[in-house]
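Going down the list, the protein sequences come from chains P and Z.
First residue of the first sequence: 24, per our numbering; consecutive thereafter.
First residue of the second sequence: 9, per our numbering; consecutive thereafter.
No wet-lab data here; the hints were simulated from the structure.
Just to be clear, a hint being listed does not mean it is correct.
[Stated by the list, open to error] Derived pair list, reagent style EDC-like, types lysine to aspartate or glutamate, alpha-carbon separation capped at 16 Å:
{"hint": "1", "chain 1": "Z", "residue 1": "185", "chain 2": "Z", "residue 2": "165"}
{"hint": "2", "chain 1": "Z", "residue 1": "460", "chain 2": "P", "residue 2": "162"}
{"hint": "3", "chain 1": "P", "residue 1": "200", "chain 2": "P", "residue 2": "183"}
{"hint": "4", "chain 1": "Z", "residue 1": "460", "chain 2": "P", "residue 2": "183"}
{"hint": "5", "chain 1": "Z", "residue 1": "169", "chain 2": "Z", "residue 2": "103"}
{"hint": "6", "chain 1": "Z", "residue 1": "460", "chain 2": "Z", "residue 2": "165"}
[Said to hold, decoys possible] Short derived list, chain Z residues pointing at chain P, Cβ under 8 Å:
{"hint": "7", "residue": "66"}
{"hint": "8", "residue": "359"}
{"hint": "9", "residue": "365"}
{"hint": "10", "residue": "434"}
[To be verified] Covered stretches of chain Z (in silico footprint by chain P; criterion: 3 or more residues with CB under 8 Å from a CB of chain P, positions within the stretch not fixed):
{"hint": "11", "region": "85 to 91"}
{"hint": "12", "region": "493 to 499"}
All residues carry an ideal CB built from backbone N, CA and C; glycine is no exception.
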Amino acid sequence: MGEPIDRRTFLRLGRDLALLGLAPTEVMAAALAAAGARGAGVFLSAPRMRTLRALCAHYVPGPPEDPDPGALEAGAPEYIDLLLGAFSLPLPPILAGGPFSNRSAGGRNFFAEFLELDALEERIWRTRIEGSRGLPEREWNGPVVGLQERYTRGLHALDDRSRLIFRAPFHALSRWKRDVQLWTATGELAEFLDLAFQHTVEGTYGPPEYGGNRDLVGWRNIGWPGDIQPRVFSEEEIREPDADQAEAVARARANARAFRGTGDA
Amino acid sequence: MPERTAVAGNGRHVVVIGSGAGGATAAWVLARAGFQVTVLEKGRNYFRELDADGGPGLPLLGGDEIRHLRGFPGVDALAEPRTGRSQSEARGGVERSFVGDVNCLPITVGGGTTHWDAKTPRFFALDFEMHSRYGPVPGADVVDWPFGYDALAPYYDEVEKRIGVAGDLASTPGFAKRLSPRGRYPMPPGPPMYASLVAAEAAASRGYAPHPYPMAINSVRYDERPPCHNCGYCSGYGCPVNARAGAAVTFLRHALRAGARLVTRAAVTRIGCDARGRATHVEYLAGDRLTPARIEADWVVLAASAVESARIALLSRSPAHPAGLGNSSDRVGRTVCFHQLTFAGGVMPQRLHPNRGRNCSHCLLEPALPDTESRWARLVGMPYLRGGVVELGTSPHPIDEALAYDNLPFGRNRHKEWMRSSPLRDRMLGALMIGDDMPQYDNRVDLDPGVKDIYGVPVARVTYDFHRIGEVSSWVWGRRLQQLCRAAGSEYSYFYPSEIGLSSARFARNSFHVSGTLRMGTDPSASVTDEFGRVHDATNVLVCDGSVLPTSGAVNPTLTLMSVAMRSATALAYGADQARRGPMQPA
Numbered sequence: 024m025g026e027p028i029d030r031r032t033f034l035r036l037g038r039d040l041a042l043l044g045l046a047p048t049e050v051m052a053a054a055l056a057a058a059g060a061r062g063a064g065v066f067l068s069a070p071r072m073r074t075l076r077a078l079c080a081h082y083v084p085g086p087p088e089d090p091d092p093g094a095l096e097a098g099a100p101e102y103i104d105l106l107l108g109a110f111s112l113p114l115p116p117i118l119a120g121g122p123f124s125n126r127s128a129g130g131r132n133f134f135a136e137f138l139e140l141d142a143l144e145e146r147i148w149r150t151r152i153e154g155s156r157g158l159p160e161r162e163w164n165g166p167v168v169g170l171q172e173r174y175t176r177g178l179h180a181l182d183d184r185s186r187l188i189f190r191a192p193f194h195a196l197s198r199w200k201r202d203v204q205l206w207t208a209t210g211e212l213a214e215f216l217d218l219a220f221q222h223t224v225e226g227t228y229g230p231p232e233y234g235g236n237r238d239l240v241g242w243r244n245i246g247w248p249g250d251i252q253p254r255v256f257s258e259e260e261i262r263e264p265d266a267d268q269a270e271a272v273a274r275a276r277a278n279a280r281a282f283r284g285t286g287d288a
Numbered sequence: 009m010p011e012r013t014a015v016a017g018n019g020r021h022v023v024v025i026g027s028g029a030g031g032a033t034a035a036w037v038l039a040r041a042g043f044q045v046t047v048l049e050k051g052r053n054y055f056r057e058l059d060a061d062g063g064p065g066l067p068l069l070g071g072d073e074i075r076h077l078r079g080f081p082g083v084d085a086l087a088e089p090r091t092g093r094s095q096s097e098a099r100g101g102v103e104r105s106f107v108g109d110v111n112c113l114p115i116t117v118g119g120g121t122t123h124w125d126a127k128t129p130r131f132f133a134l135d136f137e138m139h140s141r142y143g144p145v146p147g148a149d150v151v152d153w154p155f156g157y158d159a160l161a162p163y164y165d166e167v168e169k170r171i172g173v174a175g176d177l178a179s180t181p182g183f184a185k186r187l188s189p190r191g192r193y194p195m196p197p198g199p200p201m202y203a204s205l206v207a208a209e210a211a212a213s214r215g216y217a218p219h220p221y222p223m224a225i226n227s228v229r230y231d232e233r234p235p236c237h238n239c240g241y242c243s244g245y246g247c248p249v250n251a252r253a254g255a256a257v258t259f260l261r262h263a264l265r266a267g268a269r270l271v272t273r274a275a276v277t278r279i280g281c282d283a284r285g286r287a288t289h290v291e292y293l294a295g296d297r298l299t300p301a302r303i304e305a306d307w308v309v310l311a312a313s314a315v316e317s318a319r320i321a322l323l324s325r326s327p328a329h330p331a332g333l334g335n336s337s338d339r340v341g342r343t344v345c346f347h348q349l350t351f352a353g354g355v356m357p358q359r360l361h362p363n364r365g366r367n368c369s370h371c372l373l374e375p376a377l378p379d380t381e382s383r384w385a386r387l388v389g390m391p392y393l394r395g396g397v398v399e400l401g402t403s404p405h406p407i408d409e410a411l412a413y414d415n416l417p418f419g420r421n422r423h424k425e426w427m428r429s430s431p432l433r434d435r436m437l438g439a440l441m442i443g444d445d446m447p448q449y450d451n452r453v454d455l456d457p458g459v460k461d462i463y464g465v466p467v468a469r470v471t472y473d474f475h476r477i478g479e480v481s482s483w484v485w486g487r488r489l490q491q492l493c494r495a496a497g498s499e500y501s502y503f504y505p506s507e508i509g510l511s512s513a514r515f516a517r518n519s520f521h522v523s524g525t526l527r528m529g530t531d532p533s534a535s536v537t538d539e540f541g542r543v544h545d546a547t548n549v550l551v552c553d554g555s556v557l558p559t560s561g562a563v564n565p566t567l568t569l570m571s572v573a574m575r576s577a578t579a580l581a582y583g584a585d586q587a588r589r590g591p592m593q594p595a
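The shape of chain P in the complex, shown without the other chains (with noise of 0.2 Å):
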């Protein structure tokens, strides 16, 4: 199991940070920066990161692979440590609050302000993040592996299995080699593939006050805006085509005529 940094300290930095009124999201970044320092995550230790940012970054490659920014630019890997290192934090950033973000306006983020969850919450998802562990109230339908322990021992093995196919641990193989690393997976580590897939592109594309989607990379690499409010889409916005758009427009009309020619029409 990852321990990048005595537990006991870091808690004690989340609470001083806390009480000196930083904001949420201040406290998970300066979290994260603390523990970034020594190549480690909140939750994952510096080896450990090493591999998941290697797979985030395969997934959705950035500079020099590809010229946009990726999931590592978006901050993926830190998003992922973030939930499994929840509970290290003050609020656990795991519910976003409501209704706006003003992202875009500027002035007070109500999702940054993680709501705080309730002593049934709190049970459920800290099975979800550290399993039962025997537990009795944690085993209301028998054992729960949780996902910390899912992410320390699929990111292991994938090194494991890098190693004994091409004697080198998975972020320093080639982009092929990797390929055949995913794609030859079976059985617990394909499963845990398929988790950090999601998680990726939750950290790559989903909103930044869960610690990933930085500077909005992900979004503005594919034309998605998010959370505008205040502002709002104009009538026309909403029903007429972008002005950019007018030869797709009319590459539509044409196929559609197209396919009024044809029998099946």
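Given chain P's structure and the hints, the job is docking chain Z onto it.
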């Protein structure tokens, strides 16, 4: 209590189980009639100042793309799973083949209407008499409703007025007006979406009559809630400004203002009954520490949604109800219906920005008509085919899109290219059909013998097979809707029949439209409640959610279940004669 206007209830205590569409509607009728009303809600409250003067406060919900992936609000399959299996697995003795999310609705104040996209078409007059009009269906238990469209019409009017439905009668095709006769809508529709307009134009070119989809989303300020400002976070999200109606900001708000009490984190485990079978109290686990509690009741309104209400009935065994509350007919949990989702899509050359505005501003109703002439129906030995309403437009968001590419061959490897060119979001023209589901005796909700939820209570097990009419209709209409996408000028087109569905879950039946587990009827041996939702075997228990719907209809069911709940609650408060005349108007 400024909104209380009558004294029919005379202070008698009603416990309402569930604060969603049905429960909130009943709570409002009963609180206004002078009953003492306590609403027990299992989940948390993400609304604020629901009963405030001048309109509800802004909620703790908004355009957050991750929240729903984490099971908020209130759909957490780790804490509260369901199990599933097919009919043939059930016959073979398989206890379950799936554990997880089986059509789970949000467990939260407002229920499913916290995340709905508020489409509110009415059922057709023919839906109330499918058996007498079209005859029996092999393998299905199709019945007439105990009342007709005309009996429900005044309640439709009243619910539409209370929640605020936007629609346009002038552009509604004549056949649709004949199917569900009605007067003017309370407000005009909001701006149409570009994606819906493109699909509607293609539909019109193929001879259909697309028209504005009736929806409970404000186009003007209404009932102290603002008009929609088109943020685009609609279906699947909580409305950040309360412009979209839902149970919480409409009926529940006004029930609270009329004196009803809302208790959150109250997980009902049992309805207790006396020796004669009448309900006396409700047992629940209170608060986030699950402290056992009970509350006495003169009346109980069961409105936890179709699957959960059946589960609570089955958990409520007592000497008078040895097989579960109201289950002397062995009908509790049977004939569960899920609407069947068929999706056709086309990849357009242009970007459609489906994230702006309301989701799917237009619809088609032709596929919802029973087709007795279909050669496909004859081929499979069925009296007719029937699809359902088609939503034109669709608006997935990027994480859902990103996960969808994972299902394509090599999707994970070319992922970034897919995301940039966006064939499954920004350039996707979609037509989603919500098809009628034939009620089948062996499609059933019961208690899972081995799986429990975090409350320590056996979970609902769903035994479910598609019916041949739904399957074949899905293929036939899927193909036609794919042609519609081609007629719009798409570069590629495709369709998913209902067997595949839209869900990435392995148990691909998640339409969120659930009905039929505690059916209304006149024959106590073949139904669970009477025409006013009263349980035949326990006449002080009223069922007020989708459970009572005898057939699933072929359009979104929430407006109908709210109207039925209002009729049932009116009968409880003011008697059957008043309920047959229509809703009680304030003095």
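Each hint, compared with the structure:
1. Z/185 to Z/165: holds, 14 Å
2. Z/460 to P/162: This hinted pair holds, its Cα atoms lying about 10 Å apart.
3. P/200 to P/183: At roughly 14 Å apart (the allowed maximum being 16 Å), residue 183 of chain P and residue 200 of chain P satisfy the hint.
4. Z/460 to P/183: Given pair residue 460 of chain Z, residue 183 of chain P is violated - Cα atoms ~37 Å apart, limit 16 Å.
5. Z/169 to Z/103: Given that 16 Å is the threshold and the Cα spacing comes to 46 Å, the pair is violated.
6. Z/460 to Z/165: Given pair residue 460 of chain Z, residue 165 of chain Z is violated - Cα atoms ~41 Å apart, limit 16 Å.
7. 66: Holds, about 5 Å.
8. 359: Since the shortest Cβ distance to chain P is 6 Å, the answer is holds.
9. 365: At about 4 Å, which falls below the 8 Å cut-off, the nearest Cβ of chain P leaves the hint on residue 365 of chain Z intact, so it holds.
10. 434: holds, 7 Å
11. 85 to 91: holds (count 3)
12. 493 to 499: holds (count 6)
In summary, the numbered hints that this structure violates are 4, 5 and 6.
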